[in-house]
Amino acid sequence: MTCLALDDEPLALQLLASYTRQLPILSPQGFFNNPDEAQKRLSAGDIDLLFLDIQMPDISGLQFLKKLTNPPIVIFTTAYAEFAVDGFNLNAVDYLLKPFDFDRFAKAVQKACDYRQFLNHQKNEGATSLFVKVEYSIVQIPFDDIVFIEGFDDYIKIHTAGKPILTLLSLKNVLKLLPAQRFLRVHRSFIVAVDKIKYVRAQKITIESREIPVGSTYARALQGVLENA
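Numbering-wise, the sequence shown is residues 8 to 236 according to the numbering used here.
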């Protein structure tokens, strides 16, 4: 897995260089203290993992990440624990609080590897499950178990036959990971499993014991699915 590091502290970069070279799975591609140079290297699009400091003099790591159009997997490295929530809201796979030892570093890299594997799995058209991040773990949810998905501001709630699962993901992005023939967005806040629909009446879907509204902009697509069912 190719990796790159951006940090304004030379000693921090030296430590990352030492740690990355101890893990055969990693292929270091550069250790930068200049954000512009790091961004230029990232623009090649061949970096899998970015170790990113947050507190830097010219631009914060959070701002740097937001500027990237196609960011790699990110592990934040910082001395400031108060930025952890912001980091995870940007879908960072882990957050290394300085000073961190090699064992903690290796665990973060393993999370990144697991995350990369599940992203690759999601791209497979023959996939039968959805993989999502839940706190510090990756959870597998079979498509057959999903009843409907409810969207909120910063996260979604995946309703299954068991306990609902919360994850930081938008409805728009989760829809890309679901087979189009099985799942349909019917409202700005809802995606439903087509085979779980009991009936549709008065612009409302009954699915299990829940009534879900049908948005006007999604009604035609729903009608088309029902007619071809």
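Keep in mind that the hints were calculated from the coordinates and are not lab data. Here a beta-carbon is modelled for each residue, glycine too, at the ideal position from N, C-alpha and C. There could be a bad hint or two in this list.
Straight line, CA to CA, 35 Å or less: simulated DSBU-like cross-link-like pairs of lysine-lysine [as the list claims (entries may be wrong)]:
| id | residue 1 | residue 2 |
| --- | --- | --- |
| 1 | Lys140 | Lys205 |
| 2 | Lys140 | Lys105 |
| 3 | Lys170 | Lys183 |
| 4 | Lys179 | Lys164 |
| 5 | Lys74 | Lys183 |
| 6 | Lys203 | Lys164 |
| 7 | Lys114 | Lys183 |
| 8 | Lys179 | Lys205 |
| 9 | Lys183 | Lys47 |
| 10 | Lys170 | Lys73 |
| 11 | Lys183 | Lys205 |
| 12 | Lys179 | Lys211 |
| 13 | Lys73 | Lys179 |
| 14 | Lys203 | Lys74 |
| 15 | Lys211 | Lys140 |
| 16 | Lys164 | Lys205 |
| 17 | Lys203 | Lys179 |
| 18 | Lys183 | Lys118 |
| 19 | Lys164 | Lys118 |
| 20 | Lys118 | Lys73 |
| 21 | Lys47 | Lys74 |
| 22 | Lys183 | Lys211 |
| 23 | Lys105 | Lys47 |
| 24 | Lys203 | Lys118 |
Cβ pair distances, simulated, as ranges [said to hold, decoys possible]:
| id | residue 1 | residue 2 | range |
| --- | --- | --- | --- |
| 25 | Lys211 | Tyr87 | 16 to 22 Å |
| 26 | Lys74 | Lys211 | 40 to 46 Å |
| 27 | Ala228 | Pro171 | 21 to 27 Å |
| 28 | Leu175 | Glu218 | 24 to 30 Å |
Fill in: Given pair status - Lys211, Lys183, alpha carbons within 35 Å
Holds. Lys183 to Lys211 sits at ~24 Å (cutoff 35 Å).
Item to complete: Could you grab the alpha-carbon distance between Lys118 and Lys73 and see if it respects the 35 Å cut-off?
Response: holds, 22 Å
Worksheet item: Under the criterion that the straight-line Cα-Cα distance not exceed 35 Å, is the pair Lys179, Lys164 satisfied?
Response: holds, 13 Å
Worksheet item: Holds or violated: Lys140 with Lys205, Cα cutoff 35 Å?
Response: Distance of about 30 Å is within 35 Å: holds.
Discussion item. Between the beta carbons of Leu175 and Glu218, is the distance compatible with 24 to 30 Å?
Written reply: holds, 27 Å
Worksheet item: CA of Lys183 to CA of Lys205, is that 35 Å or under?
Response: Roughly 24 Å separates the two Cα atoms, so the pair holds.
Worksheet item: Has the given pair, Lys203 with Lys179, been kept, meaning a C-alpha gap of at most 35 Å?
Response: Roughly 20 Å separates the two Cα atoms, so the pair holds.
Worksheet item: Within a Cα-Cα threshold of 35 Å, do Lys179 and Lys211 meet the stated pairing?
Response: Status holds; Cα separation ~21 Å.
Worksheet item: Is Lys170 close enough to Lys183, meaning Cα to Cα at most 35 Å?
Response: holds, 23 Å
Worksheet item: Can the suggested window of 16 to 22 Å be confirmed for the beta-carbon pair Lys211 and Tyr87?
Response: violated, 47 Å
Practice prompt. Compare the distance between the alpha carbons of Lys140 and Lys105 with 35 Å, and conclude whether the hinted pair is satisfied.
Written response: Roughly 24 Å separates the two Cα atoms, so the pair holds.
Practice prompt. For the pair supplied as a hint, Lys203 and Lys164, confirm whether the alpha-carbon distance does not exceed 35 Å.
Written response: Roughly 17 Å separates the two Cα atoms, so the pair holds.
Consistency note: the structure conflicts with the earlier hints numbered 14, 25.
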